[in-house]
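Number of protein chains: 2
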Amino acid sequence: MENNGLNLIFDRRSIRKFTDQKLTQAQIKQLLEAAMAAPTAMNIKPWKFVVVQDPQKLAELRAALPFGKMEAPCAIIVCGDMNSYKRPLIERFWTQDCSAATQNILLAATALGLGSVWCGVHPIDRLVKKVRIVAQIPENVIPLNVIFVGHPGEQKEARTQYTEKNVFAETYGTPWEDFENNET
Amino acid sequence: MENNGLNLIFDRRSIRKFTDQKLTQAQIKQLLEAAMAAPTAMNIKPWKFVVVQDPQKLAELRAALPFGKMEAPCAIIVCGDMNSYKRPLIERFWTQDCSAATQNILLAATALGLGSVWCGVHPIDRLVKKVRIVAQIPENVIPLNVIFVGHPGEQKEARTQYTEKNVFAETYGTPWEDFENNET
Chain B
197 MENNGLNLIF DRRSIRKFTD QKLTQAQIKQ LLEAAMAAPT AMNIKPWKFV VVQDPQKLAE
257 LRAALPFGKM EAPCAIIVCG DMNSYKRPLI ERFWTQDCSA ATQNILLAAT ALGLGSVWCG
317 VHPIDRLVKK VRIVAQIPEN VIPLNVIFVG HPGEQKEART QYTEKNVFAE TYGTPWEDFE
377 NNET
Chain X
197 MENNGLNLIF DRRSIRKFTD QKLTQAQIKQ LLEAAMAAPT AMNIKPWKFV VVQDPQKLAE
257 LRAALPFGKM EAPCAIIVCG DMNSYKRPLI ERFWTQDCSA ATQNILLAAT ALGLGSVWCG
317 VHPIDRLVKK VRIVAQIPEN VIPLNVIFVG HPGEQKEART QYTEKNVFAE TYGTPWEDFE
377 NNET
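So the protein sequences, as listed, match chains B and X. Residues are numbered in the numbering used here as their position in the first sequence, beginning at 1, plus a constant of 196. Residues are numbered in the numbering used here as their position in the second sequence, beginning at 1, plus a constant of 196.
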């Protein structure tokens with residue numbers, strides 16, 4: 197893990213405790229620039245982002261979601277926008293596109309010394325409905341998740357959950373470890 | 197874009213031309229370590245990965261997919277494994293979980309000086325069927341995408357596709373730029 201870029205990926209952990217310190221507008225903009233640097237199917241960029249910093253709205257979001265307290269000073273709601281002449285394409289790939297953008301936000305937060313946690317919303321309909329109400333999200337837009345982000349109030353060690361059991365060589369079921377050991 | 201970690205996110209571009217140089221086993225393992233460092237819903241890690249390096253199999257994959265030639269020396273098929281007692285949860289979140297892992301692979305490739313491209317497979321049934329045949333993937337496992345990866349044969353400039361139009365403040369429809377300009 198000597199590579200700086202790779203370290204970022206292993207350093208990212210789900211952080212659920214935060215200090216009171218707010219994010220700057222510049223930090224939030226960097227998170228959003230990272231989000232919109234993700235690839236999307238046919239470059240359709242089906243995403244929209246709602247940045248929530250109002251304490252009352254943050255409390256409503258926490259109350260709407262079953263993930264614990266998470267008293268972060270900022271939440272980003274990552275949404276898919278179904279409004280487009282490419283709607284059939286969007287419907288097929290928007291969760292993948294928006295998940296790549298979400299992962300970029302989490303990694304950018306780590307790069308900025310911030311902590312974050314990805315709270316899944318879609319396709320749990322009761323959560324979608326609650327988040328819609330809090331952020332006044334229209335019917336044609338679907339909230340995929342809520343990312344809580346702030347200055348970390350807990351530390352976690354870098355890690356991967358890599359295991360060779362999940363990897364196959366050439367065809368499914370052919371163990372990767374055998375292949376790896378046979379290499380010269 | 198002064199931050200090294202952030203640079204990685206902006207430097208990642210879809211690379212479709214590659215040199216003949218193969219990846220080392222160590223490089224491929226680093227990509228997979230990065231993949232399995234992604235967060236997943238309730239940490240269920242529903243992923244499996246098939247690493248394809250055999251030239252004949254790579255040709256079959258290219259022929260199966262409608263994305264052009266992409267003569268990369270390696271392809272990683274990212275799959276969701278529906279086999280689990282948590283199957284209802286997996287079915288809801290596996291595309292999101294595996295997309296986060298995929299984005300990590302693309303970024304790790306960039307960190308290693310490699311190029312990569314994400315080719316969507318699921319939920320296009322005819323592509324799923326073709327990829328299943330090439331890699332002998334069983335019915336309970338679904339190929340989400342194929343990532344072609346290798347040493348880049350083309351260069352692209354770092355970028356984000358950030359636009360303020362996609363960002364709202366507090367509630368959907370409230371322009372972020374107004375909010376941003378009002379900040380002190």
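If you're looking for bench data, these hints aren't it; they were derived computationally from the structure. Please note that a few of the clues may not be correct.
A pair counts as met if it fits within one copy or between any two copies, since identical chains are not told apart.
Lysine to aspartate or glutamate pairs mimicking DMTMM-like chemistry, simulated, CA-CA at most 20 Å apart [unchecked claim]:
hint	residue 1	residue 2
1	Lys361	Glu335
2	Lys241	Asp216
3	Lys241	Glu353
4	Lys225	Glu360
5	Lys225	Glu366
6	Lys218	Glu366
7	Lys325	Glu335
8	Lys325	Asp216
9	Lys213	Glu229
10	Lys218	Glu373
11	Lys265	Glu335
12	Lys218	Glu267
13	Lys241	Glu267
14	Lys241	Asp207
15	Lys225	Glu373
16	Lys352	Glu373
17	Lys218	Asp250
18	Lys241	Glu350
19	Lys213	Glu256
20	Lys265	Glu229
21	Lys225	Glu287
22	Lys282	Glu350
23	Lys253	Glu287
24	Lys225	Asp321
Quick rundown of the hints versus the structure:
In this homomeric assembly, Lys361 and Glu335 come within 20 Å of each other (Cα to Cα) only across copies, at 19 Å, whereas the closest approach inside a single copy is 42 Å. Taking CA atoms no more than 20 Å apart as the test, Lys241 paired with Asp216 passes in neither setting, with 33 Å inside one copy and 32 Å between copies. For a Cα distance limit of 20 Å, the shortest separation of Lys241 from Glu353 across copies, 19 Å, qualifies, whereas the shortest one inside one copy, 33 Å, does not. Only between protomers do Lys225 and Glu360 lie at most 20 Å apart by alpha-carbon distance; the minimum there is 9 Å, versus 38 Å within a single protomer.
In the homo-oligomer, the alpha carbons of Lys225 and Glu366 lie at most 20 Å apart only across protomers (15 Å), although the nearest pairing inside one protomer, at 42 Å, exceeds that limit. In the homo-oligomer, the alpha carbons of Lys218 and Glu366 lie at most 20 Å apart only across protomers (15 Å), although the nearest pairing inside one protomer, at 48 Å, exceeds that limit. For a Cα distance limit of 20 Å, the shortest separation of Lys325 from Glu335 inside one copy, 10 Å, qualifies, whereas the shortest one across copies, 33 Å, does not. Taking the shortest alpha-carbon separations for Lys325 and Asp216, neither the intra-copy value of 29 Å nor the inter-copy value of 51 Å comes in at or below 20 Å.
Proximity of Lys213 and Glu229 under a CA criterion of 20 Å is satisfied in neither setting, with 24 Å inside one chain copy and 26 Å between copies. Taking the shortest Cα distances, Lys218 and Glu373 sit within 20 Å of each other only across copies (19 Å), while inside one copy they are farther apart (46 Å). Taking the shortest alpha-carbon separations for Lys265 and Glu335, neither the intra-copy value of 27 Å nor the inter-copy value of 40 Å comes in at or below 20 Å. For a Cα distance limit of 20 Å, the shortest separation of Lys218 from Glu267 inside one copy, 11 Å, qualifies, whereas the shortest one across copies, 47 Å, does not.
In the homo-oligomer, the alpha carbons of Lys241 and Glu267 never lie at most 20 Å apart, since the shortest distance is 30 Å inside one protomer and 26 Å across protomers. Taking the closest pair of Cα atoms, Lys241 and Asp207 come within 20 Å of each other only across two copies (18 Å); inside a single copy the shortest separation is 27 Å, beyond that limit. Taking the shortest Cα distances, Lys225 and Glu373 sit within 20 Å of each other only across copies (11 Å), while inside one copy they are farther apart (43 Å). In the homo-oligomer, the alpha carbons of Lys352 and Glu373 never lie at most 20 Å apart, since the shortest distance is 29 Å inside one protomer and 35 Å across protomers.
When the C-alpha separation of Lys218 and Asp250 is checked against a cutoff of 20 Å, the pair qualifies only within one copy, where the shortest distance is 11 Å, while the shortest distance between copies is 51 Å. For a Cα distance limit of 20 Å, the shortest separation of Lys241 from Glu350 qualifies neither inside one copy, at 34 Å, nor across copies, at 23 Å. Taking the shortest alpha-carbon separations for Lys213 and Glu256, only the intra-copy value of 18 Å comes in at or below 20 Å, while the best inter-copy value is 48 Å. Taking the shortest alpha-carbon separations for Lys265 and Glu229, neither the intra-copy value of 27 Å nor the inter-copy value of 31 Å comes in at or below 20 Å.
For a Cα distance limit of 20 Å, the shortest separation of Lys225 from Glu287 qualifies neither inside one copy, at 27 Å, nor across copies, at 33 Å. In this homomeric assembly, Lys282 and Glu350 never come within 20 Å of each other (Cα to Cα): the closest approach is 43 Å inside a single copy and 29 Å across copies. In this homomeric assembly, Lys253 and Glu287 never come within 20 Å of each other (Cα to Cα): the closest approach is 29 Å inside a single copy and 30 Å across copies. Proximity of Lys225 and Asp321 under a CA criterion of 20 Å is satisfied in neither setting, with 29 Å inside one chain copy and 38 Å between copies.
Going through the hint list in order, the structure does not satisfy hints 2, 8, 9, 11, 13, 16, 18, 20, 21, 22, 23 and 24.
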